[in-house]
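Here the structure of chain A is known, so what remains is to put chains B and C in place on it, guided by the hints.
In order, the protein sequence lines correspond to chains A, B and C. Residue 250 in the working numbering sits at position 251 of the first sequence; the count goes up by one each step and never skips. Residue 10 in the working numbering sits at position 7 of the second sequence; the count goes up by one each step and never skips. Residue 744 in the working numbering sits at position 50 of the third sequence; the count goes up by one each step and never skips.
Hints should not be assumed to be uniformly reliable.
Example chain A residues on the side facing chain B (calculated, C-beta under 7 Å, incomplete) [claimed, not checked]:
hint	residue
1	195
2	198
3	199
4	205
None of these hints come from the bench; they were simulated from the model. From the three backbone atoms N, C-alpha and C, an ideal C-beta is built for every residue, glycine too.
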Amino acid sequence: MRVRIVVTGIVQGVGFRPFIYREAVKNNLTGYVRNMGDAGVEVLLDGSSQNIDKFMSDLNSKKPPLAQIDQIRRTEILGTNGYTKFTIYQSLKEVENSGSIIPPDVAICNQCLRELRDPKNPRFDYFFITCTDCGPRFTIIEQLPYDRENTAMKDFPLCGFCKKEYVDPKNRRFHAQTVACPICGPKAYLTTNKGVALRVQDPMRTAGKLLSEGKILAIKGYGGFHIAASTTLESPLSILRKMKFRQEKPFAIMARSIDAVKMIAEVNSKEQELLTSPQRPIVLLNKNKHYNLSPLVAPNLHNIGVMLPYTGLHYMLFDQVENTSFVMTSANPPNQPILNDDIESVKTLGETVDYFLFHNRKIANRCDDSVMRVHGSRQVFLRRSRGYSPTPIRLKKKSKCCVVGLGGELNNTSCVLLNEKVFVSQHIGDVENIETQNFLQEATGHLYRLTNCKAEAVVCDLHPKFTTTTIAKEMAQKENMKIVQVQHHHAHAAALMAEHNLDDIIAITCDGYGYGLDGEAWGGEIFYSTFDSLRFSRLGHLEPQSLLGGDLASHYPLRIAAGILNKAGVDIEGWLLSKSKHFPHGVTEAKLVANQLKTKKGIVKTTSCGRILDAVAAILGICFKRSYEGEPAMKLESVALSGKDVLNLAPIIKGGILETTSMFRTIYNSLNSVSTENLANSAHIYLAKGLALLAIQKAIEQGVKNIGFTGGAACNQILSKQIRETVESEGFNFYVHESIPAGDGGISFGQAVIAGFSDF
Amino acid sequence: MCLAIPAKILSLEADKAQVDFGQGVSREVNVSLVDAKLGDYVLVHAGYAIQVLEEKDALETLSLWNELLQASQE
Amino acid sequence: MEQTLKFRDPELANSIALKIKAVAPKQGHFKICHVCGTHEWTITHFGLRSLLPENVEVIAGPGCPVCIVPAAEIDEALLLAKQGKVITCFGDLLRVPGSKFSLIDAKAAGADVRIVYALSDAIKMAEKENSKDFVFFAVGFETTAPITAVEALGHLPANFSFLVSHRLIPPAMKLLLSVEDLKLNGFIAPGHVSAIIGLKPYEIFTKNYNMPTVVAGFEPIDVLMSIYLILKQINTGDIRLENEYSRVVHPEGNKKALDLMEKAFEVTAGNWRGIGELPNSALQLKESLKEYDTRKKYNIQIKQGEDVHRGCQCHQVIVGKIRPNQCPMFLKSCTPANPVGACMVSSEGTCRVWAKNVAAQT
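Same shape as in the complex, but just chain A:
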């Protein structure tokens, strides 16, 4: 019997062909396997029908861990010219280039980890041990097809031993493009902070010891550099806090094992699954009662970002020390993309660190770690990057054309929509400065090349002054593409619909800021949106509040609080003066703010949910200065988690607007009688219930069954849980993001699906 099988899914770069080869040979079948790029993998099998059936069942049950089978099409064919053996055919060049899936980086697998520790193995103690099932992929691929010569491994020609394994179908390194060993592979070395190499026998373990002694190191990984330090010693942490201009922003840590994580944090089964997954993201976990790390690691927050080691190099750091974790934060100057060039890193980081741990392999694509958290048992992306990008998100429908989305301004990503796949880039960051802009263009260009697409349209935000808007206009002109501008919160809503294959939705979209249709500052919105339309309806929103001092208000939330309390009838001048020490310019500034309220001149208004949370944080004395994105709201959430909704306020909704002023009045009047945790919690519940009820009202009016919650505030556990409860209790379907970030990292995706599925 002879059959032809076509397998589609994630079947490239995951050891699929060697697997097919081994299974065919094992089952006494002849024929061939061939990579067909976008069309999948083709297998021709010739043999007895029992053997073919056995092969088919093994195909599903024994496939390589990273492979994902979406579809298997099987046809019986005629033909008599016998195949004498089973062969892996060369992939045709054109075929390789048409939109095949580029594999993301994969953390070291357990088998390689065992070999790393086995004194009899030739790769014993080799820090970059990898195989077909694990290792860097995206970060080293310079161009397609995915062959060693097209990756950063081209600088490391295979030695005889590795070559033998590479060509042996029975070996677990058969066709492993990243195969290497201590003789022919990348080497690691320790240098001073001026880049002078040190003659050290064991650079990784020495690096670990230096960290345990209080030194600060820059460590080169797969997609860039990390800055590492002890999590318990005072000195290195206070130096880091000063140098990185990050007084308060939490540092992520790398723990030596899952048991070490459990010593300091609560880990549920979903969190454990994510932590130990091949993607190895940073997962935000709740600190537990045995948490004993320095308060300088994650100041004033109830949670901490933890990841497990993802290469042999990182595991080896822990070998000769007692430390259960090290700070492992991305080594980038504030608001600039992660460094990937050795010389550049010595220049930029030489002042901060004591030593560098380098390796001599180039990083082709910079890629930050991914960051996630878990709500209940659902995964929530805060940042989708290493391990996930650029694996495409698969939509249920094919787009009308190929589109590139450039995203917005903060926490940005870009993406390419090709047919039914959306390839989202790694985390780019805040596109305000030239370095990040260059990174955006580099990353986008790379996606182009890897997908070999020809985009017909470029999508960007409505904001006229965004850098991405300017870049989009330039691109449209140069490449003769159409340009589409999409409202920020509409992009969020569309992303949610696309992820869950919905035709319509009432989307609760909450974040810090998005450019509204009328140029206003939006951020607490109820939209009605349908999938194939450029249009959306803004059916409801939060009560507009004043932003005294415009942008300054988002940095100093007392200003927002002042505007709201003034509206609520509080003697604002007195209150501001009592808080004057929290203003950078003290009493003078307090008086100026009070004055602006009196004259009412030039005050910008906003419907932002983020700013409401910031204001509550300021009134409760939890946070007076926003030194990093989301800081006041995150700290407010931390406090609220230990409180209860004692105020139990009934949401006031009038004409599609959820009022917030009265809530603030009540909070202000309860400052001395209700605890801070309870006030914080009550504010969250009021907002959540109010938004949910408003959304339900609009859903009923529009005859829509789907309600969703998106925007950066959807990462807030309390809001998300309460909105879900309220919405589901009224019988509606409730949706949140699971495959892409709810925050601005998901904007490009939303932009692209709007342009790709509507007529513009």
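For chains B and C alone, coordinates are given in the frame of chain A:
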């Protein structure tokens, strides 16, 4: 904390020395508890040198062990 | 130079083990006691107990300076932390339970407790943050005490003081000789403590108590050698003080260090957690250094604390009366991740050493 590790003095100034624990990386150690000179091996405990190690003492250990093992060779 | 000595050579180890079997008396049960957490680590990690004959037992005495800090002294540190002083110490101390709380509880409640890698780091911090009061919780035996001494006699900023909790080993060894049912037959004396104090302090054990005493190094060969030497002494009846660690330990010790200790400290009675008061077993800063003595500076003295918590058997473990695996909580409710008693907290604690080398214990 009895843990103390031998290290070689690479440079010396007043009561501070740069020492190498054999890893190729030098660290600073306080030598005010010993009389040490450049090139000496010292035993380091919690950032301070507590004893100078002499080659002849090491050799003595070797001969002690050998002696003990030779003796009672019944 | 150290490389020519084969400290971990398995062949050498085996030939010493054979010699041990040959020289150990066939009748009777022999208990050899060491008083150093690092010795216990070597013994446990390299599985040395499995090389010994059935009737020879090595037990661990109170060799962990963190484990014997009385709860009252932790309480003193907590009180100071509550008063807003910055408490600096080595990592081990953080989770040792006081009467009710530990330093890590204080830290979680907002106290300024900082772990340092070396005493010099704490002093540097105090110099920098001169508006705060810094306290260094000085714990350790004679290996560590000279470090406190040299700094206390040096140039200290006015906002720095020592909460001294140093103890001396020989008095603890003396105590073990009087513990009921213990019936020791020999001592392995601690290597690095001896590097400081020399051999003289151990003379009373051989002269007055007829107790074989051998100063041992920390490599497995060192420990096996000293066990051999002790058994040989018992066999021949020729009881004396021997120095196996002569490459590091000189008979006169470290004179410079001893002089500094003499200048800085007074010897007083000392309270040992789980043991009680031992005469002449603790160090206190001399009157002339009182401005750097935390207790005198802030007028703090807590005499009584709750050393033994319900169910904890540390007080039995540290005098060698029971082994860690004879404690009902060992590796069940008391683990390295969730320690109950001090022996599981410190990296030198007998229970922690056993827990981390479980495979070697069967």
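Okay, the hints, checked on the actual structure:
The closest approach between the C-beta of residue 195(A) and any C-beta of chain B is roughly 12 Å, which is over the 7 Å cut-off, so the hint fails. For the restraint placing residue 198(A) at the interface with chain B, the shortest Cβ-Cβ distance is roughly 4 Å, inside the 7 Å limit, so the hint holds. This hint holds: residue 199(A) has a C-beta 4 Å from the nearest C-beta of chain B, less than the 7 Å allowed. Satisfaction of the interface hint for residue 205(A) is found here, the shortest Cβ-Cβ separation to chain B being roughly 5 Å, below the 7 Å cut-off.
In summary, the structure is inconsistent with hint 1 from the numbered list given earlier, while agreeing with all the others.
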